[in-house]
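2 protein chains.
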Amino acid sequence: VADYQLYYWSGIPGRGEPIRLAFEEAGVAYDDVARGPEGNKVIARVLAGELGGLKPFAPPVLKHGDVVVSHVAAILQYIAPRIGMVPDGERERAAAHAIELTITDFWLEMHDVHHPIAMSLYYEDQKPESKRRAKHLIEERMPKYLGWFEQAISGDYVFGNTISYVDTSLFHTLAGVAFAFPRASARLAATIPKLHALHDRVAARPRIAAYLASPRRTPFNNHDVFRHYPELDD
Amino acid sequence: VADYQLYYWSGIPGRGEPIRLAFEEAGVAYDDVARGPEGNKVIARVLAGELGGLKPFAPPVLKHGDVVVSHVAAILQYIAPRIGMVPDGERERAAAHAIELTITDFWLEMHDVHHPIAMSLYYEDQKPESKRRAKHLIEERMPKYLGWFEQAISGDYVFGNTISYVDTSLFHTLAGVAFAFPRASARLAATIPKLHALHDRVAARPRIAAYLASPRRTPFNNHDVFRHYPELDD
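Here the protein sequences line up with chains Z and X, keeping their order.
Going letter by letter, the first sequence gives residues 314 to 547 in the working numbering.
Going letter by letter, the second sequence gives residues 314 to 547 in the working numbering.
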């Protein structure tokens, strides 16, 4: 049993992936509990309050000793100083949290583009609305968010030459955008050169490269936040 | 000049209001800069990076000495220990942040119900989609979120008998829901008695009552997150 237990759906990278990537880059062990023998059943128990304290609203949930944290950005903010994935300064930590919360907002827009009416409906039941929303996402929101991430990069990484959880999260975000919207993504590439360089630099780091080549990395798929529906990519 | 400068659009309570309410309940002075002589022009300058450090993605932004923080939940997390609006324990603080981030998610759904296709379009340009989304919001999402807030209340307030920023935020959230969806809100009331009692308790606190009666409290209106379109409330 590792010091950290991550509870997140198996079968998708999803909102667990920024947390996995931070642990992987840090070389710190974690249990990805729902990938164990019990599978996703454990998530229902966690949402019912099995871990004690505040009942989580939704996964991911992280347990570390007595502390239970939920929400991606809050989990990363909690683990990062403990596993060496954020700079020391108060300014930098506030900036890292703000960037991760902005990534969270962007992911929700990347999700809602295929679910503009309701999460409880299938994509197939909200296709005309999705198509309408996708045009605005591609033309307005993607350039705005990705351009903002671009200007936040101060060196090889967001914080100069020191890698942090924000970089591993941006790596996965850019990969997700390219999976979901390959054509729009290709058109935007020239406007975000630093973000692309950061993506490639993160992918080439030895621990990340080993992780990406391992069975622990689940490929993107259409049950996830980032989904590829070719008809939306235009 | 107060120790804390809040930068948020004037004219709406908006996402600045949970921050104002925390300061008001604490009795701590803050400058609501865009309500000064310069008005909202100052926001454009802040978004362009005038405060230094990370350029904020969107208001609200808080400046405290050298530290600049953006995102509602991050600002509350930063100020609360300094102004006495959160309990001391690590578990409680993690829980407070998780609840505030869940409030943030709920507010986005309360916003997107009148903007399901694009923020850049008027409500009038996305009315059929709004009506379709509103049905799911009212039947599925409002009960889910409000029910989850209800079960998080452990005493008079979320954390027993100690008021925190989570309570002032929940007060405003419930008020916003009642403004936007008076009929759906009335139907749900019986299922969330603790939340309603908390709302009334917060409203009756001397500093909050004085604030609500002052010109500093901007009424809800249809330029805000919470909007009242009667046709969506059914």
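The reader is advised that the hints may include incorrect statements.
Chain Z is faced by these chain X residues, among others (derived, beta-carbon under 8 Å) [to be verified]:
no.	residue
1	H377
2	V380
3	V382
4	S383
5	H449
Now the stretches of chain X that chain Z is said to cover, found in silico as 3 or more residues with beta-carbon under 8 Å [stated by the list, open to error]:
no.	segment
6	329-343
7	386-392
8	459-466
9	488-495
10	501-508
11	518-527
12	537-544
These are calculated hints, taken from the structure and not from any lab test.
Everything numeric in this text was worked out from a predicted model, so none of it was measured.
Don't be surprised by glycine CBs; every beta carbon is placed ideally from N, CA and C.
Here is how each hint holds up against the structure:
Checking H377 (chain X) against chain Z by beta carbon gives a least distance of about 10 Å; that is not within 8 Å, so the hint is violated. With a least beta-carbon distance of about 6 Å to chain Z, the hint placing V380 (chain X) at the interface is held under the 8 Å criterion. About 5 Å separates the beta-carbon of V382 (chain X) from the nearest beta-carbon of chain Z, less than 8 Å, and the hint is met. Hint on S383 (chain X) holds. Least Cβ distance to chain Z is approximately 5 Å, under the 8 Å limit.
Look at H449 (chain X): its Cβ gets to within about 4 Å of chain Z, closer than 8 Å, so that hint holds up. Restraint check on the segment 329-343 of chain X versus chain Z: 0 residues with Cβ-Cβ distances below 8 Å, three needed, restraint violated. Counting residues of the segment 386-392 of chain X whose beta carbon lies closer than 8 Å to any beta carbon of chain Z gives 3, which reaches the threshold of three, so the coverage claim holds. Coverage of a stretch by a chain is defined here by at least three residues with a beta carbon nearer than 8 Å to that chain's beta carbons; for the segment 459-466 of chain X and chain Z the count is 3, and the condition holds.
Chain Z is given as covering the segment 488-495 of chain X, and this is violated because 0 residues of the stretch bring a CB closer than 8 Å to a CB of that chain, at least three being needed. Using a Cβ-Cβ cut-off of 8 Å, 0 residues of the segment 501-508 of chain X lie near chain Z, which falls short of the minimum of three, so the contact claim is violated. Counting residues of the segment 518-527 of chain X whose beta carbon lies closer than 8 Å to any beta carbon of chain Z gives 0, which falls below the threshold of three, so the coverage claim is violated. Only when three residues or more bring their CB closer than 8 Å to a CB of chain Z does the claim for the segment 537-544 of chain X stand; here the count is 0, and the claim is violated.
Of the hints listed earlier, those the structure fails to meet are numbers 1, 6, 9, 10, 11, 12, in rising order.
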